[in-house]
Amino acid sequence: TYGSGASSNVTLTIASQRQCINGVIYAVLGIG
Numbered sequence: 011t012y013g014s015g016a017s018s019n020v021t022l023t024i025a026s027q028r029q030c031i032n033g034v035i036y037a038v039l040g041i042g
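Counting with this note's numbering, you get residues 11 to 42 for the letters of the sequence shown.
Wrong hints could be hidden among the right ones.
Label-pair restraints from in silico Cβ distances [to be verified]:
#1 41 with 21: 35 to 41 Å
#2 40 with 17: 32 to 38 Å
#3 20 with 41: 27 to 33 Å
#4 40 with 16: 26 to 32 Å
#5 41 with 15: 22 to 28 Å
Derived by calculation from the structure, the hints in this document are not laboratory data.
Ideal Cβ positions, reconstructed from N, Cα and C, are used throughout, including at glycine.
Generate coordinates for the entire structure from the input sequences, incorporating the hints supplied.
Here is the structure:
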């Protein structure tokens, strides 16, 4: 069964992926 643990793992994965994407964008734009 998929409980709160699974959904929290998905949320953490999405959050980390978004942070990586933001890092790439900043690197490309030369901001960070």
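The hints, checked one at a time:
1. 41 with 21: 35 to 41 Å: Violated - the Cβ-Cβ distance for residue 41 and residue 21, about 26 Å, lies outside 35 to 41 Å.
2. 40 with 17: 32 to 38 Å: With Cβ atoms ~36 Å apart, the hint holds.
3. 20 with 41: 27 to 33 Å: The hinted range 27 to 33 Å holds for residue 20 and residue 41, with Cβ atoms some 29 Å apart.
4. 40 with 16: 26 to 32 Å: With Cβ atoms ~38 Å apart, the hint is violated.
5. 41 with 15: 22 to 28 Å: violated (36 Å)
Checked against the numbered hints above, the structure breaks hints 1, 4 and 5 and satisfies the rest.
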